[in-house]
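There are 2 protein chains.
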Amino acid sequence: MNNSHSLNTATWIWYPGDFEIWLSNKMQVRRTEREAVFPPLWRYYSPYPLVTFQTEVEIPEDDEIKIYSEGPFQLLIDDVQIYGQPKSLKIEAGKHKIAFKVYNQEVLPAIFIDGRYVKSNASWQVTNEDKLWIDENGKAQQSGTPWMPVGSWNFDAPNKKPSEFQLATEPWEAKHAETINGGELIDFGKETFGYIKIHGLNGAGKLTLYYGESREEALDTEKCETLDNLEFDGSQDAIYTLEGSKAFRYVQVQKEDSLQYDSISMLYEYLPLDYRGSFKSSDAKLNKIWDVSAYTMHLTSREFFIDGIKRDRWIWSGDAYQSYLMNYYLFFDSQSVERTMVALRGKEPVTAHVNTIMDYSLYWFVGVYDYYLFTGDTKFIKTFYPRMKSLMEYCLERRNENGFLEPLEGDWVFIDWADGLPKAGEVSFEQMLLARSLEVMQVSANITGKAEDESRYKQLASELKNELFKVFWDEKNQVMKHQRLDGNIQDMVTRYANMFGIFFNYFTEEQKESVKNKVLLNDDILEITTPYMRFYELEALCAMGEQAFVLDEICDYWGGMLNLGATSFWEKYDPKQNDDEHLEMYGRPYGKSLCHAWGASPIYLFGRYYLGVQPTAPGYTEYEVKPNLGGLEWIEGKVPTPNGQVTLFCNTSEIKLSASEGVGVLIIESSVQPESNLGEISKASENRYQLTIQPNQSYQIKYKAL
Amino acid sequence: MNNSHSLNTATWIWYPGDFEIWLSNKMQVRRTEREAVFPPLWRYYSPYPLVTFQTEVEIPEDDEIKIYSEGPFQLLIDDVQIYGQPKSLKIEAGKHKIAFKVYNQEVLPAIFIDGRYVKSNASWQVTNEDKLWIDENGKAQQSGTPWMPVGSWNFDAPNKKPSEFQLATEPWEAKHAETINGGELIDFGKETFGYIKIHGLNGAGKLTLYYGESREEALDTEKCETLDNLEFDGSQDAIYTLEGSKAFRYVQVQKEDSLQYDSISMLYEYLPLDYRGSFKSSDAKLNKIWDVSAYTMHLTSREFFIDGIKRDRWIWSGDAYQSYLMNYYLFFDSQSVERTMVALRGKEPVTAHVNTIMDYSLYWFVGVYDYYLFTGDTKFIKTFYPRMKSLMEYCLERRNENGFLEPLEGDWVFIDWADGLPKAGEVSFEQMLLARSLEVMQVSANITGKAEDESRYKQLASELKNELFKVFWDEKNQVMKHQRLDGNIQDMVTRYANMFGIFFNYFTEEQKESVKNKVLLNDDILEITTPYMRFYELEALCAMGEQAFVLDEICDYWGGMLNLGATSFWEKYDPKQNDDEHLEMYGRPYGKSLCHAWGASPIYLFGRYYLGVQPTAPGYTEYEVKPNLGGLEWIEGKVPTPNGQVTLFCNTSEIKLSASEGVGVLIIESSVQPESNLGEISKASENRYQLTIQPNQSYQIKYKAL
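First to last, the sequence lines map onto chains A and B. The first sequence begins at 1 in this note's numbering and counts up by one. The second sequence begins at 1 in this note's numbering and counts up by one.
Honestly, I wouldn't trust all of these hints.
[To be verified] When the alpha-carbon atoms are kept at most 30 Å apart in a straight line, the in silico DSBU-like pairs for lysine-lysine are as follows:
1. B:Lys26 <-> A:Lys97
2. B:Lys389 <-> A:Lys389
3. A:Lys161 <-> B:Lys26
4. A:Lys97 <-> B:Lys389
5. A:Lys139 <-> B:Lys139
6. A:Lys704 <-> A:Lys285
7. B:Lys139 <-> A:Lys26
8. B:Lys26 <-> B:Lys572
9. B:Lys26 <-> A:Lys139
10. A:Lys223 <-> B:Lys97
11. B:Lys223 <-> A:Lys97
12. A:Lys572 <-> A:Lys223
13. A:Lys139 <-> A:Lys160
14. A:Lys476 <-> A:Lys26
15. A:Lys26 <-> B:Lys97
16. B:Lys347 <-> A:Lys347
17. A:Lys223 <-> B:Lys66
I should point out that these hints are in silico values taken from the structure, not numbers from a laboratory.
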């Protein structure tokens, strides 16, 4: 993994991706349904139980290294085995090859080496098959060893072991408690996540906790999705903290009379993250939407980016892809993106699509590209290129004789939760995602120096795009059709491929206009009811300059959830449903997740399409700022970049802007020639002006909004 | 795994091969060198941490099942989730689908289900990716799930958990103790394996155990291969048993005066196995050789068939292949063969040869075929055919442009430990093993019902054999050449391909005679000094009827080790070496293993070529008995078959024979027409007669040996 901290610090290291796979295995079985464990439906991979860490050093004087290991190890200095399991060792001045072979089948092999000169860090390499053998005469032989750069994160102390990883916690008090049905209903005031804590526990007997993201759920002892049955024998401590974490706002406590307690609190559990992005506007409701979105996003940004905190508590590639984008406008935490991408991809062999879903394999590739674009990091691609390639080969092998993906046995085509959405046969949406994924492979092959792969993927992408338009583009109506079944184009147009075609820039400007009017703004086209696809629908409209229209939609849709009392955003929201129905899903009265990452998309929309900031070259070395008020009086905020941020204020007559790094282009739409305190404003076209933004300068521009 | 016990018994079940992989990972890191852990050089695989067990039952009345699980589980009855983690459950009369999804990342997921009708056993199926998902409306969907038959062994009680597997132990007393160098030297009388036990321990201080397979090794505190440094603080129990097992005959104890003990004993650790095969003859030395071979074989038949008990304590495919063959003539323990084959093969993906050695991948295939031939079991092949195929594809991809295997980067060509043995380029021996492996794939594809694969492998085998003879067979000298380098046949003949060509039956009778005389009996050809290749050399000679010659060789070679005091047979023996040299190997004074499985080959040779028993159809449904006295007055013994044995006595005038199953052909070489108490003897050719052997009859034949 990309290691953001200095090579001068010793840190725990492991086989790249293995900590993430181990942790994701552990995390994803924490979903429960009424005390039944509910693990994912896809395959789990495992860390390599036996790996060899190696480094080559040249040290100016003798060094004394301290050795910490998760698992027994074999230590070789310059190919000579050191006897015993030393806790420290003197390394003599000079050049040395140092190798640790570590075994750990229970957790994962990891080491922490700390000397003055020799330190375990991201510069080490590791292999899962060292192939080092000693021949009959005692001579060491080694060839064909597949070395990889090690993985690491922030385990920078000997006692901060990867196997003991925990998120942070802090105590939270209840906001309200009321007696109900002979028990008690506790309200924490808003959606939250963590461990219930019982204070003043005394006596023996049974106690049950019924959790609810809604009051209704917590009160429904028969149907609430999660609960904990506890039993105490009287020997317990006065303060009891549950082992299992849950998502809830409310908890109902019912107990036997023989058992007493004073009060209930909780340990709020979270991933420590900086809120590096921000957004404020002249509209208080929008500000509230941004705040609740940010909270929703933080609740679902945990060990990994998960879908929802009550359910599924799993890593879904389609959901995570949106979390990545939101993250770039809120936390810009690249480690969380890497952890999630690695956990989703798993290892070899590829035997099913990511999460078993065709579209979710494809989002994974696009996520990798975005990571490169936003962070500028190439190490991830270089390290995991073989896993990118094997997943792509899996996808390519599943194409039909027309070169299109259509579901084979075991393939789930998701696209969206929508009644009457056809998913069989050749669906244009999937082909478009595959084309984009092939372009990602082309770029990644280039970064990795695989010229042959690069030209192959380039050709495949180009051929597929041609075929996509040839088959699905309706020349007469100038829209993308949805599906071909048994060779017959179906007379159906949906929003999916049409909106992706806009922000993938696969359409000409004329095509985009047609699609906007005939599909996106056409109420006869199958409506989108999940925040998941609302994300892309609104993005496409914003990309077409419809910020004012989108603001209204955001106010209606996310504002609608707030009006219903939402303290975090939901998995699904249909304004036409009545009160009880809002909690239902999957045939269960409280099946719906009321804190779902894909509900937080305003974070992304506000940052990218109102503040208008986006990278145009990897790692924000170049970027664009194109503020759009969307009818608001003013907006202001920050968009994080790898090592800083872009800070912007904009009203109808003034723009204030500064940035920490890179070279930006500010695009101003103005009815008059704008004036800047710095730099030179050039005219790009009618009512459109540009200003180059240098880092660490405060720009103040006078202009007149159109 | 093939489950030998009844389906009426509940047993722990797991994903097939996963227990074996887990256990082999654990076992193979138990090798130590002076307290340094010494793990294998090849990659480790892992059990699947998340699997779903499933069965369909139809039960005549309600059943109450008890549920035991290694790991938390999700239980679905008829696709409906049962809440909680029940310890027992009522299943109503009728047809049901029962599914347990079990998570265990630390060990391996396993369950034990016990009801009157519903029991976990070999009839269940399992998958590592169930792909069972619940759609938006709560409807279960599943397709493309790769189901496999479960694995099981003999864990037939709830508390006999796979994760707690232990070999059996029994207490052994020391044979002799003497004071030496201020400490004590304990002699257990013969090579053994287990845990040192210290009795009457008292006081505090340090104690060191120096182990030796030889007296010299145990006395050499600086150079002995294994040792244990212990420290006691005075609070220990009076009896202390070491946690780590070791191989030794001798152990030297040195300690501080502040610490006292009374005596040293050990816990002998072993796999409980029946000695179903036996051999006795008129020659006491041969009998002793058989006994020591059997003991050597038992010591190395443990969790798996390992190479040596001091070193490497690893599973090597070439070594294991010989253990399989010896096992068929001694224990006929099919479970041990299956465990070993599965552990060797690992899982997907294949990224290196088995043990990283080209020949060791190929022996693996031949071992699978032999398993089918001796046991008649087809379940192993049917279950693991995909793993057979992926390993074969790996091999095939590594062929050069001539269709021959030659080592690529990371490939180790072993063949044998022999000075001056060329291993580079195209070596005939490797091609011959590949041809035989392709034939195994042909048979296995047929068993698995893969007609297309079958014909492909058939053709590949036939083409390769043609090419092998075209390139390497020396028409003029009528021998197989050893090597082609850069297109040039090298002027070298070795024993390897020539002896395999005999018992693979790749040579015509004329070719065999030529090879016997020009290679096998030719002292100018590079000599074989390992019992490993002696195995095949002597087998080839026996297959050519040279039993008398081979007996002399056995007496010299194995008798030579006995004369030097061997109590188990060695990794390597060169009669020309002097005393100290016998212990050296790998550049270390006690590097040689003095108890090595491949040293036990007389078990196989006596059973197969003197008692003369071998299956001629799978599972001994048909077999051949061709006794050969090799110049001895008499021989007698038993050869195990799947459900019984063939019992034979033979001297120069009488043969007594009975068998438990199958139909045999007794082949008698006699100068007179033999007479039998049962059946009808027919004449096959000059001095050669045949008698069909029916099961459960006692045959007594009078004849006159040639």
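Taking the hints in turn, this is what the structure says about them:
1. B:Lys26 <-> A:Lys97: Given that 30 Å is the threshold and the Cα spacing comes to 28 Å, the pair holds.
2. B:Lys389 <-> A:Lys389: Since the Cα atoms of lysine 389 of chain B and lysine 389 of chain A sit roughly 22 Å apart, the hinted pair holds (cutoff 30 Å).
3. A:Lys161 <-> B:Lys26: 22 Å, holds
4. A:Lys97 <-> B:Lys389: Violated: lysine 97 of chain A and lysine 389 of chain B sit about 39 Å apart, past 30 Å.
5. A:Lys139 <-> B:Lys139: This hinted pair is violated, its Cα atoms lying about 62 Å apart.
6. A:Lys704 <-> A:Lys285: 26 Å, holds
7. B:Lys139 <-> A:Lys26: 27 Å, holds
8. B:Lys26 <-> B:Lys572: 27 Å, holds
9. B:Lys26 <-> A:Lys139: 27 Å, holds
10. A:Lys223 <-> B:Lys97: 25 Å, holds
11. B:Lys223 <-> A:Lys97: 25 Å, holds
12. A:Lys572 <-> A:Lys223: 20 Å, holds
13. A:Lys139 <-> A:Lys160: Violated, at roughly 38 Å.
14. A:Lys476 <-> A:Lys26: Answer violated: lysine 476 of chain A to lysine 26 of chain A is near 53 Å, above 30 Å.
15. A:Lys26 <-> B:Lys97: Answer holds: lysine 26 of chain A to lysine 97 of chain B is near 28 Å, not above 30 Å.
16. B:Lys347 <-> A:Lys347: 13 Å, holds
17. A:Lys223 <-> B:Lys66: 26 Å, holds
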